[in-house]
Amino acid sequence: MSAGDRRALILLIAGFTAWSFGFVLLYGLQALGCAYDWPAHRAILIAAYIVTLAPLAWLSLIKVRAEGEPASVLALSALWANRAALAAGVLTFFPATFASACI
Amino acid sequence: MTGKPSPVRLHKDLETIWKTPPGIARLSSVNHTILGKRFMLLALIFFAIGGFLSMLIRAQLATPHSAFVGPEIYNQIFTMHGTVMMFLFAIPMLEGFAIYMLPKLLGARDLAFPRVTAYGFWCYFFGGSILVIAMLAGVAPDSGWFMYTPLSSRPYTAGINADVWLLGITFVEISAVTAAIEIFVSILKLRAPGMSLARMPLMAWYMLVTAGMMIVGFPPLILGSILLELERAFDLPFFDPTRGGDSLLWQHLFWLFGHPEVYIIFLPAAGVLSTIIPVFAQRQILGYRAIIAAIVAMGFLSFGLWVHHMFTVGIPHLALAFFSAASALVAIPTAIQIFAWIGTLASGRPRWDIPMLYVFGFFFVFVIGGLTGVMLAMVPFNTQAHDSYFVVAHLHYVLVGGFVFPMLAGLYHWLPHITGRQSVYRLSIPAFWLIFIGFNVTFFLMHLTGLMGMPRRISTYPSNWGWDWLNLLSSVGGFILTMGFSLVLVDMILQFRFGRRFRRDPWRAQTLEWAMPTPPTDYNFASLPRVDMRADAIEPAPLGPVLASGEGYLGFARNNQQETLAVDMMTGVIEHIVILPRRTYLPLWTALATGGFFVSLLLGHYWLAPFFALLVTGLILLWPASLGFREDQGPVPIGRGETAPFDAESTSNAAILANRTALVTNATLFSSLLFGGLFLIVVAPNWDSAPAPLVPVWLSILAVLAAVAGGASAFFARATNRAGGAVTGGLAGAVLAQGIATAAFLAIMAGMGNPTAHASIAIAFVTLGYCALHSAIGAVIAGHALWRKHQGYVSARRATDPELAFLWNGYAGITAVFGAAMALLLGGIL
Chain L
1 MSAGDRRALI LLIAGFTAWS FGFVLLYGLQ ALGCAYDWPA HRAILIAAYI VTLAPLAWLS
61 LIKVRAEGEP ASVLALSALW ANRAALAAGV LTFFPATFAS ACI
Chain P
1 MTGKPSPVRL HKDLETIWKT PPGIARLSSV NHTILGKRFM LLALIFFAIG GFLSMLIRAQ
61 LATPHSAFVG PEIYNQIFTM HGTVMMFLFA IPMLEGFAIY MLPKLLGARD LAFPRVTAYG
121 FWCYFFGGSI LVIAMLAGVA PDSGWFMYTP LSSRPYTAGI NADVWLLGIT FVEISAVTAA
181 IEIFVSILKL RAPGMSLARM PLMAWYMLVT AGMMIVGFPP LILGSILLEL ERAFDLPFFD
241 PTRGGDSLLW QHLFWLFGHP EVYIIFLPAA GVLSTIIPVF AQRQILGYRA IIAAIVAMGF
301 LSFGLWVHHM FTVGIPHLAL AFFSAASALV AIPTAIQIFA WIGTLASGRP RWDIPMLYVF
361 GFFFVFVIGG LTGVMLAMVP FNTQAHDSYF VVAHLHYVLV GGFVFPMLAG LYHWLPHITG
421 RQSVYRLSIP AFWLIFIGFN VTFFLMHLTG LMGMPRRIST YPSNWGWDWL NLLSSVGGFI
481 LTMGFSLVLV DMILQFRFGR RFRRDPWRAQ TLEWAMPTPP TDYNFASLPR VDMRADAIEP
541 APLGPVLASG EGYLGFARNN QQETLAVDMM TGVIEHIVIL PRRTYLPLWT ALATGGFFVS
601 LLLGHYWLAP FFALLVTGLI LLWPASLGFR EDQGPVPIGR GETAPFDAES TSNAAILANR
661 TALVTNATLF SSLLFGGLFL IVVAPNWDSA PAPLVPVWLS ILAVLAAVAG GASAFFARAT
721 NRAGGAVTGG LAGAVLAQGI ATAAFLAIMA GMGNPTAHAS IAIAFVTLGY CALHSAIGAV
781 IAGHALWRKH QGYVSARRAT DPELAFLWNG YAGITAVFGA AMALLLGGIL
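If you're matching them up, the sequences are chains L and P in order. In terms of the UniProt record's numbering, the first sequence is numbered consecutively and its last residue is 103. In terms of the UniProt record's numbering, the second sequence is numbered consecutively and its last residue is 830.
For reference, chain L alone in the conformation it holds in the complex:
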């Protein structure tokens, strides 16, 4: 397996893996903030939202110039998957900026 092949395979799942970590981070911060009554809860959630989107945005811009199979095929699938992950992150985490965090 060449370095290009490995890179393409990692990129294929990188975006949604980052999305998953972001999901866990935001859901965890929401629960902890409510349980321990954090005064800056909203600010922390918004900061986490931005921090989570940063790697997703970076991944969605990476265009691997891979030559030969399988890297060339997977690189394009990876680009689409990572852009989808960014869109998913923007949409699913957006409520962190406005929705009531605690009951």
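Since the hints were derived computationally from the structure, they do not count as laboratory data. The beta carbon of each residue, even a glycine, is placed where N, CA and C say it ideally should be. Any given hint might turn out to be false.
Selected chain P positions facing chain L (Cβ under 10 Å, derived; list incomplete) [as the list claims (entries may be wrong)]:
no.	residue
1	Ala297
2	Ser324
3	Ser388
4	Leu657
Okay, the calculated bits of chain L under chain P, using three or more residues with CB under 8 Å as the criterion [to be verified]:
no.	stretch
5	3-17
6	24-33
7	53-66
8	90-100
Could you slot chain P onto chain L? The hints should help.
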């Protein structure tokens, strides 16, 4: 191996090595074709049982004030209907299909671990039998297929009904986890030479992602079942809010599995559609790369939806919005696939045949199910429709549309492959229309009964609420549906008996499974193909005879060995020859011993369970006894003028990858346990005056240091072995260190206080028990590697055993750190 054998001679030689004799010897079979068919046949029997139960449900609900069965029996019937259909039909059916089909699609002779396939089948058979026997004895589970606590807790379900579910399903899930690991590894390693990931047929991509989802999706359910059984059997209060537990923890653990489960069922069916549609459209599938991206997206997104099953339990708006958005979003990658299929049909030259009728049925039913899914993803509507028959209608449209219709299409497409005969079609068309009409009459009307307020799981209802005629029509539709399935069964039998024989590739398909004799031989291919193009664009008809004449790889018999090839997981470059184990009764004995463990727990003979656990361990240690070589062999011929080493001499072999994958499964279970502990600390009531577990710091440090030292010692042994040095010291050190760690963890557990007093002590107790178990496993595996070394199976080239010892001892060291930290946190020390 002198000279090239004739095709007939080659066939006879391979048949002698690979065949499973008839009679009682069939029980020793480890062949994927036989076991795949067995999985599917048993799944169909359970489908019939589940279908029969659904008929009882519809008979009960056909009229108001029904006295057909009482509420106690009705509870068992609907619980068993859901349990059987989800755990004993849908998952095993997809496993059986993958087990039968994947090696054939990928150009291999079998899966990577044939004995694991057999062990999984027997666990499925015995575990499913426990549930059915319990039902016949009148003690079936009766708390709903998702077994919500506190209803399923001891105070509200005093008998063994819930234990039957928890232990029986956990037993069955062994087969799901083993199959997932085996499918994952087989797709990555056991492909035809030249078949890179980007040349795989889409079916393999779907199964790869599905297996990955099962690897991380099933552990939360298994953990939840273990915790609930510990609560029921030993009163450890994980879900009891009066002692620091929380019922919502069960719901989180169940749906962390339960929602991805829907996609675990759908994705293989989508793989079937992506394989069949291009055949009948007579063109390659559109959007191969977009579909790969969509499958990956679905695989991940499906893990971010689970709380939409819990929208009404009292969750903040923010969390509701997270899960609502993710639930709606998952429709997009689904739609990408549906448009790719429609586009393939629109741009091809579609020919209509029976499989295409079911593809049409899929489109119609699944799209309706998907649309009602988007409706239910919206919190306000979900709150209104929650626990009503609208949800029953939705889930049946999704599951039957997304699994049963595609699988029926697959059945008609691939049954000729199994039987060697084609359908005569006299019954196929009326059977389809009975199923299609019967299904829609039954379940479309349930949308209306649900919107009119009829709740799920009620055994009877009054006659003045406007539900009467809708329920009666649903019941009529249900019986029409059953007639349709009965006709399919008759049609299958007729095809086996009277179907037309055919020569090769009757559908003019373009995948490798049709480049072999049908019905398939036990060895699949007389020689293995080289794939230099997309594997869904080959021509099986001319390729088949070439492979049958031994022109491909491994077109010979050698040393009575069952051989196939392993490749680099990305590029498809040949790596090594895999020697697959031959038939044996060991998987059957091991499954029986595993069954003894579960039955002794079920009957309350807890003292007996450890003996069965030891027996299982001993039997599993016998499995590798005959594997490997006592001398280095070096590269040997594989045909076409090429050579490759045997798997024992490769450090990237399937056994190592499988153990890494198993550790990922294991780590998911451990993470779920840590999540459970943190969830209770943060969310559960009655923690203000919780008793803290007594966790001595010095003993914790000793346990952690010993477990980490075990990992380091195994690492040292592996490095020394690679350099050609002695491994005995390193492995013996790992055994000793892990033994000390196990004893230290057990000592902490013994003195930490009463684990039934509060969830704080119970969580610490179970977490450290997990660490103790894994230190003990590390010691056993290091000891086993030591024994293999002394038997002569280990050298610098034959390094699998030290590698496995390092993996498991390293894992034990890592879990010891996190486990001890959790216990110290609960003890108020951190």
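Here is how each hint holds up against the structure:
no. : hint   : result
1   : Ala297 : holds, 5 Å
2   : Ser324 : holds, 9 Å
3   : Ser388 : violated, 24 Å
4   : Leu657 : violated, 13 Å
5   : 3-17   : holds (count 7)
6   : 24-33  : holds (count 5)
7   : 53-66  : violated (count 0)
8   : 90-100 : holds (count 8)
In this structure, the earlier hints numbered 3, 4 and 7 are contradicted, and the remaining ones agree with it.
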